[in-house]
Each structure stands twice: as structure tokens, then as C-alpha cells.
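Student: Here's the letter readout for the chains.
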Amino acid sequence: MNDFLINWMANAPVTAVPYALAALGLIVSERSGVLNLTAEGLMLIGALAGAGTCLTLGGHPAIALLAAMAAASLVSLLFAGLVVVLRINQVIAGLAVVFFCQGFTGLIGTLAKWQNKQLTGLAPLKLWPLSEIPAVGRILFTQDPIVYLTVLIFIAVSFLLFRTMLGLRIRAVGENPAAADAAGTSVVLHRILAIVAGSSLIGLAGGYISVVSVKLWVTGMTGGRGWIAVALVVFARWAPWPALWGALLFGCIEALIPHVAAAGIRVPQYLMLMTPYLATLAVMIWVGAKDRSGGREPGALGQPHVREERR
Amino acid sequence: MHDRLRQPAIPMTPPAVTTTPRRFGRLTLDVRQNVSPWKQAAFVGGSLLIGLVVSVAILAVTGIPPLTLGSELAGVLVAENLRGVLIQAAPLILVGLGASLAFRIGFWNLGIEGQMVFGGIFAAAISIYDIGPPATRLVLMGTAAAIGGMLWVLLAAFLKTRFRVNEIIATLLLNYIAMYFLFHLLYGTWQDAKTAFPQSSPFRPFERLTDIAGGVNSGLLIAIAGVLAAGWLIHLSRIGFYTRFISANPRMARIVNIPVQAVTMSIIAASGACAGLAGFINIASQEGRLTQSFSNGYVFSGVLIAFLSRNDPIVVAVVGFLIAVLFITGQTLQVFYQIPFTMVQMIEAIIVIAVASSEFLIRHRIRWIR
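Protein chains in written order, with my numbering: chain A, 319 to 629; chain B, 33 to 402.
These are computed hints drawn from the structure, not numbers from a lab.
Treat the numbers as computed from the prediction; the structure is a model and nothing was measured.
For every residue, glycine included, the Cβ atom is placed at its ideal position computed from N, Cα and C.
Fair warning: there could be bad hints in the mix.
Partner residues are not named here, just some residues of chain B that face chain A (Cβ under 10 Å, in silico) [stated by the list, open to error]:
| no. | residue |
| --- | --- |
| 1 | Gly95 |
| 2 | Val197 |
| 3 | Ala202 |
| 4 | Tyr212 |
| 5 | Phe238 |
| 6 | Thr242 |
| 7 | Gln377 |
| 8 | Ala381 |
| 9 | Ile383 |
| 10 | His396 |
| 11 | Trp400 |
Covered stretches of chain A (chain B as the covering partner; in silico rule of three or more C-beta atoms under 8 Å from a C-beta of chain B) [said to hold, decoys possible]:
| no. | segment |
| --- | --- |
| 12 | 403 to 412 |
| 13 | 545 to 555 |
| 14 | 579 to 591 |
| 15 | 595 to 604 |
Counterexamples of contact, computed for chain B against chain A with all Cβ distances above 12 Å [claimed, not checked]:
| no. | residue |
| --- | --- |
| 16 | Val85 |
| 17 | Ile179 |
| 18 | Gly272 |
| 19 | Val357 |
Extracted from the complex, chain A is given alone in its bound form:
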């Protein structure tokens, strides 16, 4: 039983990282006032780009992950153009981009024959003296580099968003675009920047799934994790650190699934696979029941900004 617990805890960060990074990316773009539903699609783009780079260039996983970030940022320009420049309904645009990405990645993955091919991937680090500590060493100090990098990214993004001028401008654009515009901040520019920057993190989350944790490309492999990340943002009230804890919670739930089966506990397999989605719903219900005030979502979330337009 002790072994079971340690194995479970040691796997939790690996399953938590995609949720954490995707949620953080969504927080960055939603803080600028854009309701971003594209996570599921952009994670797929990242996963495909990462796997494809690994298979074709055979290079270092770091290059694959950078390619994943770049690809997702590139595709997010489409979304940014639709919602920021053309001011299309953000829900429709987000859905269209998700379904475009699902179709596109399925098409490319099949045509390039990347489906189900083993990748070299990224090996976990062994931080030598620390990793030898019983239990704690196995859980905290034998993870892959991206797990540690994720914590650094969270520190950096929180700093950027809440301690710098750029972060202030992005949040101002999200809270009250008319006021920000009057103060000389370009709403269009900051929103596009926030979407593209956030999407690179979402791409990294997808690349992490294919290159680091699963080491395969399978059509539709993100399997709804993007939607869970969207829910996680609501749960975290658009703040980075609660999103990290939430991601860890979902990571723990998801990591439990293979371990329960491996431990020989007889639970119906497919009912077990439902648990992340049920847990997300449960968390959403809890958030809704707990918080009657309407939460602290960015003031202009979901509204396109048109200069001089009367509302």
C-alpha cells in the first residue's frame, strides 16, 4: 500500500503539468478580456508539432517542445485575428478553431504517418543526492525537467502579469478596454499579444503530452484535457497559483486510474476513466455553490472592444 501511494504521488506531477500549463496559458489570454475556448485544439496542435518534430528531425526533445510552442502560437494568430480584429463572437470563434485543429491534426497525423510511432522522449532527471531520500526523493526529485520548469514558468508569468507594466496593461485591457484605450494602451495589440503568448504555453502543454508523458502521437490524444483546463481557469478564479494547485488535484485524480488497475483493485475500467470529468464537474459545482458573488472574472471577458461604440 505504501508503494502504491508513492508511485501514485510520483506520477501525479506528470499528469498535472499539461493541466497547469494550459490553464496558465488560458489565464494569460483571458486576463486580456478574451474568452478563450481554444485550449483543446491548440494542445492537439502542440502535441502533433512536438511528435512530428521528434519523428522527422529526430532531434532533442527541447526542440520538439519549442516547435510545439511555436506551432500553437501560429495557429492562435488565427483565433486572435477572428476575435480581436474581426470581433467575431468569441464562443463561435473558439469552437471553430478547436474543431479546425482537431480536423487538421487528424489529417496531418494520418497523412504523415506519425500515428502510434514511439518517440525517444525526455528522460526523468535524477538529482542525485536528493533523489536517494526515501519516498520524498522519488516523488519530488526524479521528475523530468519540464516539471521543474513549469514551476519556474508559473513564477515568471505571475511576476509578468502582476508586477510589470506589460502585465498591468494586459489586465487593464481585460478589465475595462474603453478606459485602457483612452489611457493610450492599444487594446488590439495587447489582446493579440496575450493570446499568442498564452497559446505558446498551451502548445507546450500539448507537446508535453506527446513528447514527454505518452511518447506517442494518437489522433485526438488530448481527450478533453483542454476543456478541463478551461474549467480549471474558472475554478482558479483567473489566478495562476490556484490554477497550479487545481492542476495538481486533477493530476492526482488522473494518475490514480492506472495505479488502481495495476494494484488489482477491481473497478470497472470505463467508469474509472470518467473520474477526471466527473471531478471537474464536481469542482465546478463546488465553485458555483460556494461563491454567490459572481466571482472575479475579468470585467470585459467575452466582449469585443469597439472604439467609440456606445453600449
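Fit chain B to the supplied structure of chain A, relying on the hints for placement.
Tutor: Quick look at chain B alone, frame taken from chain A:
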């Protein structure tokens, strides 16, 4: 110093206006007040055309020569394939109705696949547990499917009204939950004992939708009945009037004593019932049994059809038919060029993006100022 003093304090003649011509002009946007329907149609049509050209270009890059694409498309409309299109149109029209009804009341029902799954499960349960006499079996299955879809969407609606859970997230998550529940049944108690495939044992002949005159599947009749019912509901009935009132001004609707909650819930329930019926048609016509993937890809088709038809039930029928042509073309391409079916989804997304962009041109005039 002296030179400056010699100049008069106020120049007698104003200095010549030196206009340095600006190198670049700039784009400005004007909001159009009203656009004639013809111009609107032209913008939408033009954007649609651009979307299709982009789709064809992507297919050409992936290895399908555009010219054969034309003949494929023509081939789909040949009598034999037209039957396939009509069969495919029925579930598509129903999911389009489902999406458009919900969107009319401002409820983002993205759980159509889950509702189809539960419609299918309820209908299959009637068959598997052998409920009712054979003569009424199909009616029972259809009713059960509608109830199944309705219950699954009302769960999301309940979560929204009671716990303020965003319905976009809730319905999408419920899709995955429904899918895994289906897998649980198909890999478990409902598995076909004979083949040991993850699917139910086949329905008996009286439990299947049969062809009626001219190769038209009776599923299409259900879809047409649905279109007429929804058209009546939206355009002629009191509920339709209330729906327009509520979506235009919910606070006012409450003040003048319109039963907002009841109307909202019944429209959402109707939306789920349509999706459930679509699930029933899919399992009771072509498949003839409960399978793993009978609901795949219908969420976005529903959204697309609702979006293109501007949530009008009558237009849904036309658009649903056109999307069925796209589906069947996709299936033929899948067979001949090993193109995955996800391609259809991608083309649908491109069409939505194109048509949504036309909205911008309809509402704004772009001018180039120098």
C-alpha cells in the same frame, strides 16, 4: 541675436502650409447602419466561396487533385449515393435543430454527442430488455431516445440554473462521461455474446428503420416532422414568441410575467430530445445495433448547421442536406484516398470561420484614408 530681433513678432503673412504627404494611409472602420438583404447574401456567399476555395486548396496540398474532387462531388449526387445523402441528412438535420433551439434561448448546448449517446442507450435498452409488443417497438424506442437525450441535457441545464456551472463546460464534459458510460456498457453487460466485439447484439428487423418509397429512409420522415414541429414552435406558437422575448430582454420578460424558467427549460429539453432522436436514427437505420462511434463528429455539425441557418428550423433542413453531401463526399474520399474523416470536421470549421468573418463585413465598412 540681431537677426532674430529684425523679424516681426507676429508674421504678417501666415507661413505657407507645408503638407508633407503621409507615406501610408490608414484603415478606418465605420459601423454600417443597415445593409440590404441582397448585399448581406452577397457577403455571406462570397465568404462561403472563399472558405470552400481554402478547403479545396488544403485538400490539394494533402494530395487530392481538385478536379477529381469535382467529379467526386458530382458522383455523390448520383441516384445511388443520393440515397446515402438522404440517410445521412436525417441525423444531421436533427442535431442542427437541437443546436438551433438551444441557441435561440441562449443556451450553448455543446453536449449533442452525449445526448445522442443517451438517446441511443435508452432506445437500445427497449430492444435489449424486449419491452412492448413488436408493432409499437419502434415508437417506444424513439420515445425512449427522445427522453434519454432530454434527461442528459436537462442535467446540464439544472447545473446551470442551480449551481451556475457554465453550460459550455458542463455539456462538453458530459459528452465524455456519456461516451465512457457507453463504453462501459458495450465492453460489459451489453456486449454482443456472438461476435465479442464492443457492440450490442443486432436489433431485430421490426426494431429497425426501414426504407420507404424511393429509397428514402423513414429516419428522414422523423427529421422532417422535427423540422415542421420546431418551425411551428418557433414561428407560430406562444412559446416561440416567449422565446424571442426572453432572448431579447430577459429582465423585461420576467417583469411582464412570462414564465421564463419554464419556457427556457422546455426549449432546452426539446433541444436534447432532437439530439436523442438523432442518436436513435443512427443506431436504428444504418448500424442496426448500438456501436461505439455512432455519435462521433455531430456536435460541431450541429453548431455549424445552426450557425449557417441562423437558428431558423426551416433553413436547418436545407443546410442539413448540404452538410450531408459534405459528409458523404468525405466518406468516399476516405475510402479512395485514405483521408481521415476528421477532414470533414476541418472543412466544417473553415466554413464557420469564413461565414463568421462575413458578419464583420456586413456590419462594418472598411475605408482607406490617405
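Student: Measuring from the C-beta of Gln377 (chain B) to each C-beta in chain A, is the shortest one below 10 Å?
Tutor: This interface hint holds because 4 Å falls under the 10 Å limit.
Student: Would the stated hint for Trp400 (chain B) survive a check requiring a Cβ distance to chain A of less than 10 Å?
Tutor: At about 16 Å, which exceeds the 10 Å cut-off, the nearest Cβ of chain A leaves the hint on Trp400 (chain B) violated.
Student: Decide, holds or violated, for the assertion that all CB atoms of chain A are farther than 12 Å from the CB of Val85 (chain B).
Tutor: The claim stands: Val85 (chain B) keeps its Cβ more than 12 Å from every Cβ of chain A (closest is about 16 Å).
Student: Would you settle whether the hint for Ala381 (chain B) is holds or violated, based on the nearest Cβ-Cβ distance to chain A being less than 10 Å?
Tutor: Holds, because the Cβ-Cβ distance from Ala381 (chain B) to chain A comes to roughly 4 Å (cut-off 10 Å).
Student: If I take the minimum Cβ distance from Gly272 (chain B) to any residue of chain A, is it greater than 12 Å?
Tutor: Non-interface label stands for Gly272 (chain B): nearest chain A Cβ at 23 Å, farther than 12 Å.
Student: Please verify that hint: Phe238 (chain B), Cβ, nearest Cβ of chain A, below 10 Å or not.
Tutor: violated, 31 Å
Student: Against chain A, run the beta carbon of Ala202 (chain B) and see if the smallest gap drops under 10 Å.
Tutor: holds, 7 Å
Student: Using Cβ atoms and 12 Å as the threshold, tell me whether Val357 (chain B) really stays out of contact range of chain A.
Tutor: Holds, since 17 Å exceeds 12 Å.
Student: Hold the hint about Gly95 (chain B) up to the distance rule: shortest CB distance to chain A must be less than 10 Å.
Tutor: Nearest chain A Cβ about 7 Å off; hint holds.
Student: For the hint on His396 (chain B), does the least C-beta distance to chain A fall short of 10 Å?
Tutor: holds, 8 Å
Student: Do three or more residues from the segment 595 to 604 of chain A put their C-beta atoms closer than 8 Å to C-beta atoms of chain B?
Tutor: holds (count 6)
Student: Would you assess whether Ile179 (chain B), listed as outside the interface, keeps its beta-carbon beyond 12 Å of every beta-carbon in chain A?
Tutor: holds, 22 Å
Checked against the numbered hints listed earlier, the structure breaks hints 5, 6, 11; every other hint is satisfied.
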